[in-house]
Amino acid sequence: MDKKILVFDDDEDILLLSSYLLEEMGWQVHTRTNCNSIVEIVKKVKPSVIMMDNWIPDIGGIAATQIIKAEPEFKLIPVIFFSANNDIKNLALQAGADTYLSKPFDISVFEKVVNSFNNQ
Amino acid sequence: MNFDNNFLQAVFQNMADGIVACDENGTLIFFNDALEKMHGIPLQPLPPEDWAKKYNLYYPDGSGLLKKEDVPLYKAWKGEKVDHQEMMIISNEGQRKYMYANGNQLKDSDGKVIGAVINMHDITDINETNKKLNEIRHFIEQISDLTPGLITVFNVTNGVYRYVNNAAKTILGYTAQEFLNGGFEFVVSLVHSEDVQKILEQNQKAIINANEKYPDYNDNDAVEFEYRMKHKNGSYIWVHTYGVVFGRDTNHCVEEILNITVDITERKNAEIKAEQSKISEDYFRDLADQSPFMIWKVNEKGLCTYVNKPWCDFTGLSFKDSLNFGWRKAIHPDDGESEYIKFMNCFNELKPYHSKFRVKTISGDYRWVLAQSNPLKQPDKGYLGSLTDITEQEDAQQATKVLMQKKDEFMSIASHELKTPITSMKAALQIVQRISGKNKKDSQLHSFITLANNQVNKLSVLIEDLLDVTKIQAGKMELNKNDFESTELIKECISQYRFDSNIHKIIFKQNVNVTISGDKERLAQVIANFLSNAIKYSPEADKIIVASEITDNSLKVSVTDFGIGIPENNIKYIFDRFFRVEKSSQKFSGLGLGLFISAQIIEKHNGKIGVNSKEGQGSTFWFTIPCNNFLQKQ
Numbered sequence: 001m002d003k004k005i006l007v008f009d010d011d012e013d014i015l016l017l018s019s020y021l022l023e024e025m026g027w028q029v030h031t032r033t034n035c036n037s038i039v040e041i042v043k044k045v046k047p048s049v050i051m052m053d054n055w056i057p058d059i060g061g062i063a064a065t066q067i068i069k070a071e072p073e074f075k076l077i078p079v080i081f082f083s084a085n086n087d088i089k090n091l092a093l094q095a096g097a098d099t100y101l102s103k104p105f106d107i108s109v110f111e112k113v114v115n116s117f118n119n120q
Numbered sequence: 121m122n123f124d125n126n127f128l129q130a131v132f133q134n135m136a137d138g139i140v141a142c143d144e145n146g147t148l149i150f151f152n153d154a155l156e157k158m159h160g161i162p163l164q165p166l167p168p169e170d171w172a173k174k175y176n177l178y179y180p181d182g183s184g185l186l187k188k189e190d191v192p193l194y195k196a197w198k199g200e201k202v203d204h205q206e207m208m209i210i211s212n213e214g215q216r217k218y219m220y221a222n223g224n225q226l227k228d229s230d231g232k233v234i235g236a237v238i239n240m241h242d243i244t245d246i247n248e249t250n251k252k253l254n255e256i257r258h259f260i261e262q263i264s265d266l267t268p269g270l271i272t273v274f275n276v277t278n279g280v281y282r283y284v285n286n287a288a289k290t291i292l293g294y295t296a297q298e299f300l301n302g303g304f305e306f307v308v309s310l311v312h313s314e315d316v317q318k319i320l321e322q323n324q325k326a327i328i329n330a331n332e333k334y335p336d337y338n339d340n341d342a343v344e345f346e347y348r349m350k351h352k353n354g355s356y357i358w359v360h361t362y363g364v365v366f367g368r369d370t371n372h373c374v375e376e377i378l379n380i381t382v383d384i385t386e387r388k389n390a391e392i393k394a395e396q397s398k399i400s401e402d403y404f405r406d407l408a409d410q411s412p413f414m415i416w417k418v419n420e421k422g423l424c425t426y427v428n429k430p431w432c433d434f435t436g437l438s439f440k441d442s443l444n445f446g447w448r449k450a451i452h453p454d455d456g457e458s459e460y461i462k463f464m465n466c467f468n469e470l471k472p473y474h475s476k477f478r479v480k481t482i483s484g485d486y487r488w489v490l491a492q493s494n495p496l497k498q499p500d501k502g503y504l505g506s507l508t509d510i511t512e513q514e515d516a517q518q519a520t521k522v523l524m525q526k527k528d529e530f531m532s533i534a535s536h537e538l539k540t541p542i543t544s545m546k547a548a549l550q551i552v553q554r555i556s557g558k559n560k561k562d563s564q565l566h567s568f569i570t571l572a573n574n575q576v577n578k579l580s581v582l583i584e585d586l587l588d589v590t591k592i593q594a595g596k597m598e599l600n601k602n603d604f605e606s607t608e609l610i611k612e613c614i615s616q617y618r619f620d621s622n623i624h625k626i627i628f629k630q631n632v633n634v635t636i637s638g639d640k641e642r643l644a645q646v647i648a649n650f651l652s653n654a655i656k657y658s659p660e661a662d663k664i665i666v667a668s669e670i671t672d673n674s675l676k677v678s679v680t681d682f683g684i685g686i687p688e689n690n691i692k693y694i695f696d697r698f699f700r701v702e703k704s705s706q707k708f709s710g711l712g713l714g715l716f717i718s719a720q721i722i723e724k725h726n727g728k729i730g731v732n733s734k735e736g737q738g739s740t741f742w743f744t745i746p747c748n749n750f751l752q753k754q
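Taken in sequence, the protein lines are chains L and G.
Residue numbering for the first sequence follows the numbering used here, beginning at 1 and increasing consecutively.
Residue numbering for the second sequence follows the numbering used here, beginning at 121 and increasing consecutively.
Keep in mind the hints are simulated off the structure, nothing from the lab.
Keep in mind that this is a model prediction, so the values were computed, not measured.
Note that beta-carbon positions come from the ideal geometry of N, C-alpha and C, so glycine has one too.
Do not take every clue at face value.
Partial list, computed: chain L residues near chain G (C-beta under 10 Å) [to be verified]: (1) 11; (2) 16; (3) 21; (4) 25; (5) 85; (6) 86; (7) 90; (8) 103; (9) 104; (10) 106; (11) 115; (12) 117.
Only chain L is shown next, with the shape it has when bound in the complex (with noise of 0.2 Å):
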């Protein structure tokens, strides 16, 4: 089963590190550095989980969460909204995100809470 895991940062740093350890764990990575045409992606790339970043450009990462969970086709697929911001909390609630990541993180938390999502 080819899990597909979506990350979109505009840090490739943070790209490259994610995809590191999400390779370690046995996740196809796709990697975004913006959010744009976002439902096209999405579609194309067929993912089972997404992770979004708050500062995306262009329109920002609630606001593209907010997209894809409108749309009936991918609203079930979980995305973990991480950010640098103290009140990523509520971030992810205002975005529609199924849980959170706050930065810095932990390789450690990364990967429960992605792991989390495993039998998806």
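Got chain L sorted already, so can you dock chain G onto it with the hints?
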């Protein structure tokens, strides 16, 4: 001289007065024409007891027929001289006539009584006149007595009062008679000692003036005096006297003076009060002009009645221009309407009025003022208020606001910008740490990576603390509240710290497990702070005890270490911002913010925070959270 009988007859018949005579026996023997005309009845030879009835002889008041003994002719016959006896007769036509009767007994040359004669003089007209005079007199007296002024006529040469009306009683408590008896001296004794000299002098001068100026002096010109007199009851009243010349003697010197005196106590007292009020008002204004504040007064109708000099200097508006609603010219157009409404609301409820608004200065620019005013009580009513120039404070406040906004923006950006590189660094180092840990050959590499990792963690915590403190200062730390169990919270914190120290063993003494309503992450932050301090400040010890219990209806969580402890004189500063125990500065790192932030978090939970410590033995840091809805489990 002997007269001819006929001559004498003619004399009698032509007299205007009535003549009646009787003989020595009391029989009527003579009526002259006049008398016959008066009675309308001829002479009849009647005895005295029948005279009154026959000829309608009455008492002068008309009360009844004369008794025989009172009939003048009878009296004369009996030898009594009749001198101006008043009586009334009614003619047969019903006319009432008033008479004087005069007469005597008649004696012949030998002294023998030969009869009596009475002369009847008609005084009806005179009586009528007298009656009218009485009516007029009564009328005048009525006027005089009803006049609310004391009217007197007194003689300046002998000080005697010729006339005093009854107002003497109402005004001074003495009867008119007491005045008349007492005379001028008595009246002067009633004048107040402070006024008497002045009054007497003025009086003298007036009289001399009236005398000298005659005949060019108008006697009707009133000379006026105001002074105090003592009422019979002992109190003093203020009076106003008008005096005019009433009569002059043959040398044209003033002989009598007519005085009218009225009680003006009420008016005078009001004048004195107004004078005092004016003096105090003047004093107030002098004081107000010295004040560094602008002062204003508004009356019970809401119209401005006073502004002080500082206001005029500040705004450039004159005193006159500021009155009523003139002051509004100086208020900023945007503020004028709303402030007026605000003021009127307070005014109508008699509440104090405080507000801020802009006022135009004499140089044309606007400055912020703080208005403070209170309603006045009697007797003034209205409002008294002040204005203080607070432009600098306002500008500072505005500037601070702008600064705060800028700071928030900065914090937001800084927060993100600082955390982003740390995120990459931390993740990368942890990955390398993991990889190097797998291979025994890389053990040195592993230990250095571990070191770097720890430092990144410390850096991360320091930055978090810094950002937290800034948030707390801005009042922006908010709690995200939900319910959770105390044991779960504590266990999570402990498990995190198990990684941080291999020396210390963390023992959890769970005495209670309750559901708390609070910000789980923030409380975890506090416990983490306590644990990190415990580890940091007890490098020689091997255990740390975490305990939870219920005290005083609150959940108490405590962390005990067996380290260096805190010197007693430092304990009260321990939760202050930036405080670090002196000794520790080189040995122990940290910004000194952790406990300050913890204290703020606990305060926001309405809890208490504290420490018990003994130098050289260790410390117990604790906090309590009050239980609102506690579900105690065990």
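Interface hint outcome for residue 25/L [beta carbon to chain G under 10 Å]: Hint violated; residue 25/L Cβ to chain G Cβ min 12 Å, cut 10 Å.
Hint validity - residue 86/L Cβ closer than 10 Å to any chain G Cβ: holds, 7 Å
Given hint residue 117/L near chain G, where the shortest CB pair must fall under 10 Å: At 19 Å from the nearest chain G Cβ, residue 117/L fails the 10 Å test, so the hint is violated.
Hint check: 10 Å Cβ-Cβ cutoff, residue 16/L to chain G: holds, 8 Å
Hint check: 10 Å Cβ-Cβ cutoff, residue 90/L to chain G: holds, 7 Å
Hint check, residue 104/L versus chain G [nearest Cβ-Cβ separation less than 10 Å]: holds, 4 Å
Restraint outcome when residue 21/L is required to lie within 10 Å of chain G by C-beta distance: Check passed: Cβ of residue 21/L comes within 7 Å of chain G, closer than 10 Å.
Chain G contact restraint for residue 11/L - C-beta distance below 10 Å: Constraint on residue 11/L satisfied, holds at 6 Å.
Status of the hint placing residue 115/L at chain G (closest C-beta pair under 10 Å): violated, 16 Å
Proposed interface contact between residue 106/L and chain G, which counts if any beta carbon pair is under 10 Å: holds, 7 Å
Hinted contact residue 85/L with chain G - closest CB pair below 10 Å: Holds: closest Cβ of chain G sits about 7 Å from residue 85/L, inside 10 Å.
Proposed interface contact between residue 103/L and chain G, which counts if any beta carbon pair is under 10 Å: Residue 103/L check passes; min Cβ-Cβ to chain G is 4 Å, inside 10 Å.
Against the hints set out earlier in the document, violations occur for numbers 4, 11 and 12.
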